[in-house]
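> What follows is each chain in one-letter form.
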Amino acid sequence: MLIPIGIFASSGAIAAPGSFDLLESTVLTGTQATVSFTNLTSKYAANYQHLQVRLVAKDNRSPDASSRMYLRLNGVSSGYRWHELGGEGSVVYSGVGSATDRIIFQANTGNSGNFGASVIDLLDAFEANKNRTFRIFSGQLVSGFNLVTLVSGSNFSTSSTDSLLFGSDFGSFVAGTRLSLYGIKATA
Amino acid sequence: MSYIALATTTLTSPDAEIVFSNIPTSVNGVALRDLVLVADFTTATSSTSYIFFNGNDANVTSVRMGGTGSGSGYSDTYTKIFISAGNQTTGQFATAQVFDFTATDKHKTALTRNGNAGTLTQASAGRWASTSAINVLHIKNESNTAFGTGSTFSLYGVA
Numbered sequence: 001m002l003i004p005i006g007i008f009a010s011s012g013a014i015a016a017p018g019s020f021d022l023l024e025s026t027v028l029t030g031t032q033a034t035v036s037f038t039n040l041t042s043k044y045a046a047n048y049q050h051l052q053v054r055l056v057a058k059d060n061r062s063p064d065a066s067s068r069m070y071l072r073l074n075g076v077s078s079g080y081r082w083h084e085l086g087g088e089g090s091v092v093y094s095g096v097g098s099a100t101d102r103i104i105f106q107a108n109t110g111n112s113g114n115f116g117a118s119v120i121d122l123l124d125a126f127e128a129n130k131n132r133t134f135r136i137f138s139g140q141l142v143s144g145f146n147l148v149t150l151v152s153g154s155n156f157s158t159s160s161t162d163s164l165l166f167g168s169d170f171g172s173f174v175a176g177t178r179l180s181l182y183g184i185k186a187t188a
Numbered sequence: 001m002s003y004i005a006l007a008t009t010t011l012t013s014p015d016a017e018i019v020f021s022n023i024p025t026s027v028n029g030v031a032l033r034d035l036v037l038v039a040d041f042t043t044a045t046s047s048t049s050y051i052f053f054n055g056n057d058a059n060v061t062s063v064r065m066g067g068t069g070s071g072s073g074y075s076d077t078y079t080k081i082f083i084s085a086g087n088q089t090t091g092q093f094a095t096a097q098v099f100d101f102t103a104t105d106k107h108k109t110a111l112t113r114n115g116n117a118g119t120l121t122q123a124s125a126g127r128w129a130s131t132s133a134i135n136v137l138h139i140k141n142e143s144n145t146a147f148g149t150g151s152t153f154s155l156y157g158v159a
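Going line by line, the protein sequences match chains A and B.
The numbers in the first sequence follow my numbering, run straight up by one, and end at 188.
The numbers in the second sequence follow my numbering, run straight up by one, and end at 159.
Some clues are possibly wrong.
Some chain B residues flagged as far from chain A (calculated, every beta-carbon gap over 10 Å) [as the list claims (entries may be wrong)]:
(1) 40
(2) 44
(3) 52
(4) 57
(5) 69
(6) 70
(7) 93
(8) 115
(9) 117
(10) 120
(11) 143
Computed from the model, here is a short list of chain A residues facing chain B with C-beta under 8 Å [what the hints assert, rightly or not]:
(12) 116
(13) 147
(14) 176
(15) 180
What the hints contain is simulated information worked out from the structure, not anything from laboratory work.
Idealized CB from N, CA, C, for every residue including glycine.
Isolated chain A (complex conformation) (with noise of 0.2 Å):
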């Protein structure tokens, strides 16, 4: 069957606005550490109950399976918790984090032009009444490195996300490479 799209299906509808809303998006021109979301409690709390990360990512390093990316919260570098799930191909690993500094995941170091995907989720990000919970669904296809992981994390602090920092564990960030932060809100 084929669904010709053009401008709008037929049966295509928009979105109810305001709902799933991207709050702010980078694209990176050159290499770089670090790329930080910031002030986001004055920004974003008093219309979005959820905060959502999409992210195309490669890192500069040589073709590694042991590179990662790793985020951290309102600057904070302890009282993490993670665990992860993975498949390489051929076996399926599971494991408790070993850092409680920050929150790793699987990070991309393939060849021009390929670069590894992951999708952050972080429910209820400005409660005062909850600790900070990610969910991290993870891929990357490099030659003898593919992975697909899925991460669950924890920060003990129930202070309302003010900012997001994500990191390459070993190189830094290359052009190219985008975050995008999208807001959900708990009614349209």
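Given the structure of chain A, go ahead and fit chain B onto it with the hints provided.
What follows is chain B alone, placed relative to chain A:
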């Protein structure tokens, strides 16, 4: 307005291939970055379903992991971007996210989740090693078995 429904179809008769064509790069001035496919479908026989782009199913690498409810799970690699596995005759649900689909300086990476409550749950990552912008998305399965009447496929664009 950042998560936009582009098109949806529910089959009124079996069909072996679903094609979303002329995928826009923007809607009402809003540039789209990612595509999200949501599918709920059956097939007449068990066969792995997959997606590919612009009529070209070559140059694809994917890795998946899954669990069937027994044992320690499985992982393997493949040359197609999965959206299903196992028994599809009783119904599969699947989501596939395709990132930076309009970029002409990046390969196209996808993350997929799928499952069948009676069989398995699975996650995969796939890459089409092409810097071509995606304007057509295809859905097929390996044995060319038709998707069943009532199967629904919906495509969204994410700004």
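> Go through the numbered hints given earlier and state which of them the structure violates, listing their numbers in rising order.
none
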